[in-house]
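Heads up: the sequence lines are chains A and B, in that order. The numbering used here puts the first sequence at residues 1 to 55. The numbering used here puts the second sequence at residues 56 to 237.
Please note that the accuracy of each hint is not assured.
[As the list claims (entries may be wrong)] In silico DSBU-like pairs for lysine-lysine, Cα to Cα no more than 35 Å straight-line:
{"no.": "1", "chain 1": "A", "residue 1": "K8", "chain 2": "B", "residue 2": "K188"}
{"no.": "2", "chain 1": "A", "residue 1": "K26", "chain 2": "B", "residue 2": "K188"}
{"no.": "3", "chain 1": "B", "residue 1": "K112", "chain 2": "A", "residue 2": "K26"}
{"no.": "4", "chain 1": "B", "residue 1": "K124", "chain 2": "A", "residue 2": "K26"}
{"no.": "5", "chain 1": "B", "residue 1": "K69", "chain 2": "A", "residue 2": "K8"}
Keep in mind that the hints were calculated from the coordinates and are not lab data.
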Amino acid sequence: MELNHLSKTFVEIRKLPIQVTLAQVKVWINQHSNAAPETSDYSIPRRFFNKYNSN
Amino acid sequence: MSNESNDIFLAWYKDYHEAFIRYCSTIAYGHVSAEDLAQEAILATLQNFDAIKNQSKLFSYMVGIVRNKVRNQQRRKKFHAAWNDELLNYLKSSTSSPEIAMDIHIMLQYIERLPLQQKEALLLFEISGFSIKEISDIQDSSIGATKTRISRSRKKLKTLLSDEKASTSISERLLILSSIIF
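Based on the provided sequences and hints, a complete structural model is requested.
Right under this line is the structure:
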């Protein structure tokens, strides 16, 4: 596979339909908001979390 | 999370949706479903949305969650090139020819072998369409380092694919193709 073939394959990948719709994301968010706290644990380790709160 | 927070989150997220789902679909090709990966990252980001003060880092945060999930998955289960019927059916039904489906399948398998940060930079650039500057912000690295990662990943990928072409026999390629066609 040559380099231009590589680029063409990337173009073909970008043409693929996306596997999750925005409507599906909205459903997840609604379900997550309505779920009991103990069933919606997406807690993140503190060290990881702090990294994204630094400037 | 209040409905208001959900709405604010969605208003922020919708502009990233396509880029993020494309990224999830390729970063863990064959060993984690894009849906699982995206769901976990989106909900974790939503849960911490109010607490993350620097909103410009939200996407970086989401990619970080994906990175950790992929890393954990790789530790648990080495990728094996077994045919995944669901993925092949998806490629078969979404491309104009079986040859293109095979090229995509083979290339994503080889991308899987790249070091995680190189793979991440390459996919954010080639598949999600982010700029070098945006990727350097997402990866918290310099522009030079990002360019190097993308360049190295392309070279490595080219080498892997050339080796693949030389080492994969016609019968093996036919086997892949027939898995896609039938």
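### Query
Has the given pair, K112 (chain B) with K26 (chain A), been kept, meaning a C-alpha gap of at most 35 Å?
Roughly 22 Å between the alpha carbons, so the hint for K112 (chain B) and K26 (chain A) holds.
### Query
Are the Cα atoms of K8 (chain A) and K188 (chain B) separated by 35 Å or less?
Since the Cα atoms of K8 (chain A) and K188 (chain B) sit roughly 24 Å apart, the hinted pair holds (cutoff 35 Å).
### Message
Check the hint pairing K124 (chain B) with K26 (chain A) against an upper bound of 35 Å on the C-alpha distance.
### Response
Holds: K124 (chain B) and K26 (chain A) sit about 22 Å apart, inside 35 Å.
### Query
Does the alpha-carbon distance linking K69 (chain B) and K8 (chain A) stay inside the 35 Å limit?
Measuring from Cα to Cα gives roughly 27 Å; hence the hint holds.
### Query
Taking 35 Å as the top limit, are the C-alpha atoms of K26 (chain A) and K188 (chain B) close enough?
holds, 30 Å
The structure fails none of the hints (numbered hints given earlier).
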